[in-house]
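Number of protein chains: 2
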Amino acid sequence: MPVLVMKFGGTSVANLDRIRRAAKRVGVEVAKGYDVIVIVSAMSGKTNELVGWVSETSPMFDAREYDAVVSSGENVTAGLMALTLQEMDVPARSWQGWQVPLRTTSAHSAARIEEIPTENLSSKFREGMRVAVVAGFQGVSPEGRITTLGRGGSDTTAVAFAAAFDAERCDIYTDVDGVYTTDPRITDKARKLDRIAFEEMLELASLGAKVLQTRSVELAMRYKVKLRVLSSFEEQSDSAGTLVCDEEEIMESKVVAGVAFSRDEAKMTLLSVADRPGIAATIFTALSEGGVNVDMIVQNISEEGRTDMTFSCPIDQVRRAEAALAKARSEKALNFSELVADTGVAKVSVVGIGMRSHTGVAAKMFQVLSAEGINIKVITTSEIKISVLIDRKYMELAVQALHDAFELEKAA
Amino acid sequence: MPVLVMKFGGTSVANLDRIRRAAKRVGVEVAKGYDVIVIVSAMSGKTNELVGWVSETSPMFDAREYDAVVSSGENVTAGLMALTLQEMDVPARSWQGWQVPLRTTSAHSAARIEEIPTENLSSKFREGMRVAVVAGFQGVSPEGRITTLGRGGSDTTAVAFAAAFDAERCDIYTDVDGVYTTDPRITDKARKLDRIAFEEMLELASLGAKVLQTRSVELAMRYKVKLRVLSSFEEQSDSAGTLVCDEEEIMESKVVAGVAFSRDEAKMTLLSVADRPGIAATIFTALSEGGVNVDMIVQNISEEGRTDMTFSCPIDQVRRAEAALAKARSEKALNFSELVADTGVAKVSVVGIGMRSHTGVAAKMFQVLSAEGINIKVITTSEIKISVLIDRKYMELAVQALHDAFELEKAA
Chain A
1 MPVLVMKFGG
11 TSVANLDRIR
21 RAAKRVGVEV
31 AKGYDVIVIV
41 SAMSGKTNEL
51 VGWVSETSPM
61 FDAREYDAVV
71 SSGENVTAGL
81 MALTLQEMDV
91 PARSWQGWQV
101 PLRTTSAHSA
111 ARIEEIPTEN
121 LSSKFREGMR
131 VAVVAGFQGV
141 SPEGRITTLG
151 RGGSDTTAVA
161 FAAAFDAERC
171 DIYTDVDGVY
181 TTDPRITDKA
191 RKLDRIAFEE
201 MLELASLGAK
211 VLQTRSVELA
221 MRYKVKLRVL
231 SSFEEQSDSA
241 GTLVCDEEEI
251 MESKVVAGVA
261 FSRDEAKMTL
271 LSVADRPGIA
281 ATIFTALSEG
291 GVNVDMIVQN
301 ISEEGRTDMT
311 FSCPIDQVRR
321 AEAALAKARS
331 EKALNFSELV
341 ADTGVAKVSV
351 VGIGMRSHTG
361 VAAKMFQVLS
371 AEGINIKVIT
381 TSEIKISVLI
391 DRKYMELAVQ
401 ALHDAFELEK
411 AA
Chain B
1 MPVLVMKFGG
11 TSVANLDRIR
21 RAAKRVGVEV
31 AKGYDVIVIV
41 SAMSGKTNEL
51 VGWVSETSPM
61 FDAREYDAVV
71 SSGENVTAGL
81 MALTLQEMDV
91 PARSWQGWQV
101 PLRTTSAHSA
111 ARIEEIPTEN
121 LSSKFREGMR
131 VAVVAGFQGV
141 SPEGRITTLG
151 RGGSDTTAVA
161 FAAAFDAERC
171 DIYTDVDGVY
181 TTDPRITDKA
191 RKLDRIAFEE
201 MLELASLGAK
211 VLQTRSVELA
221 MRYKVKLRVL
231 SSFEEQSDSA
241 GTLVCDEEEI
251 MESKVVAGVA
261 FSRDEAKMTL
271 LSVADRPGIA
281 ATIFTALSEG
291 GVNVDMIVQN
301 ISEEGRTDMT
311 FSCPIDQVRR
321 AEAALAKARS
331 EKALNFSELV
341 ADTGVAKVSV
351 VGIGMRSHTG
361 VAAKMFQVLS
371 AEGINIKVIT
381 TSEIKISVLI
391 DRKYMELAVQ
401 ALHDAFELEK
411 AA
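In the order they appear, the protein sequences are chains A and B.
Okay, so the first sequence: first residue is 1 according to the numbering used here, each after it adds one.
Okay, so the second sequence: first residue is 1 according to the numbering used here, each after it adds one.
Hint data in this document are derived by calculation from the structure and do not stem from the laboratory.
Careful, some of the hints might be misleading.
[Unchecked claim] With a Cα cut of at most 30 Å, we get these calculated DSS-like pairs of lysine-lysine:
hint	chain 1	residue 1	chain 2	residue 2
1	B	K393	B	K46
2	B	K124	B	K24
3	B	K192	B	K254
4	A	K46	B	K46
5	A	K327	A	K254
6	A	K46	B	K24
7	A	K192	A	K226
8	B	K24	B	K46
9	A	K254	A	K393
10	B	K327	A	K124
11	A	K24	B	K393
12	A	K32	A	K224
13	A	K226	A	K410
14	B	K393	B	K364
15	A	K327	B	K124
All chains should be modelled from the sequences, with the hints used to inform the complete structure.
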């Protein structure tokens, strides 16, 4: 039978009623003849609670223990979903990561999927199981310890299963009915996109649109997994949601597809770094080894052999960054006068594949922000996006102004 | 190095502060030179929450999914405890049941421990790990699915580890400072016992004293595990708590050691059962196969080939009992007129090894209850205990009156 992967995020399984609603959606697909692999997140709020406990217990936690703790939320949902399906007379059982087994690297709390053997699930499907409910976000390391894939890893789990089982489609059920030009909570002018290119989606996801995890989109692009984002709270037609696809398949074509933002950013500046060849490698190797996800990087013009190096990272990694750089200072002879952390910043980006063929997008963006009196702290650009770091208090204002200026409320 | 097993129940790990306090106790024993195996329960309330979700989702739940869900609470505590110990610079890591592996039967939700191979933990101890924090209550079946040992199974886990690792002692930390003559929440005259015989403890535990799980005491008796119950909330001396030991080691010797009770009982009566040989076997085989833990059994005198059969079981198994008996009625030709469930009863018992050599304990018990106007619904006796089923509303009164009458507030 054809396989369908359905993934339900935290808000879609937030309580028993919502799990029942999600299970009914699964039942509809089973009735159509699919063998279904359901990937579930933890009930919304649960993972944050667990992460909070870990961080309070041990600010520089052992990531292996972090993984053992935070993975438990998905196990609960997987079991409850299987039970709910059984109550609907749908043959179902739950699978934890180590039971599949979903094999990952040993990079705890940010593990990468290495292999998903299909034997165990396939043999159960052959025996009559119609739904395998898999705890998302987790796997097992070569050492037999539990790993997690990083926040939002359930999307990645879903796409990886869709690739491994050659699924007909991977439907990501979430609390929004598709991908929007920006977060509708910021402006009610936000408009749902029927289709979006993989590349645009990648920029939106990594920049904080929070609809799909970046790695899941990368994986879908690589393995040509049909990926659909849709709401678990609305009646669904076959054309519901947003299809994430190749750019050739997109008819509408605006210069800017959306405005993304990320609230939880920190701007870190290393002052007066000795400007010698290899210095950037030293700094960012140290940060990488310290488990810091560096995003934007800006190096100021050198003066008398010294330079300032600025980078951004998630706000909850500031302590890691400080520790990693202190270690590099003592062990790797990294020479700098001071490390300044600005934890009051946010990132706002405009994204669109149309930028490749249109000029003036950056200029227009800066004009709009300037007109609102918003100071730009850092700028980075890529082929299809322009990002700025600004004071967090202006974030909503910036997003609204840019959404208006690029007329994103109108279809192309 | 000698091995010590320390078990912390739900109230002893109810929040991060209490986990820290428990970890400090562990640190004291590590400093004494022990390699410590810590067995943890879920934070208090967590398992009930999970059980509640499972029951609401599926009243006649698939026990395999039940186990997958409810075992998650212990995983959280194990990870947090390991992190807390690491913060105290004590080399520690967490182990889930399947990682040890703690091998059990496939009797989901009531599995029995089959084997605890010591290689994995021992090799880590040799490498310098000082504390293995093991999630209690859970194991793994031959099929590779998660099992649980039944409520209170963490005590059993602790004793089983103490036996497997030939531990010097098994300390059970709980929210009381030892075993009392009755629950101090019922009467403030309850007195802590310094020592109690394994057999008395078995009766007290199985009758609902809730200090130690029955199977853990059985296991301790069989493998000669030194078992100590003590409070995690008080400063400890080496003589703290209650030692559970052989009756020969007990100096004080009262006729009655304690008054136990169980609130969550149901009295089930099969009316007008055909009284033929093998009928009891048919009934109780059906109940056993239906997963019902039958406690008291009373058969009334037969009249014209018919009899009434009464038994008690935990109140949350009434539906299972009804289903099992309905099945036996249709499939096994079990003939009865009606099944009456009385879910408003409680069990009260007096326990003491001294009863073996003293008469009149039963008569005194019945007089005391009669004087309080309490009607006795069912009576059962053993060599060292007398139990009665009464209306639940009289339970506290009965316990207090019996405690007074047998002068349990006074030491022997």
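**Prompt:** So which of the earlier hints does this model not fit?
**Reply:** When the structure is compared with the hints, numbers 5, 11 turn out to be violated.
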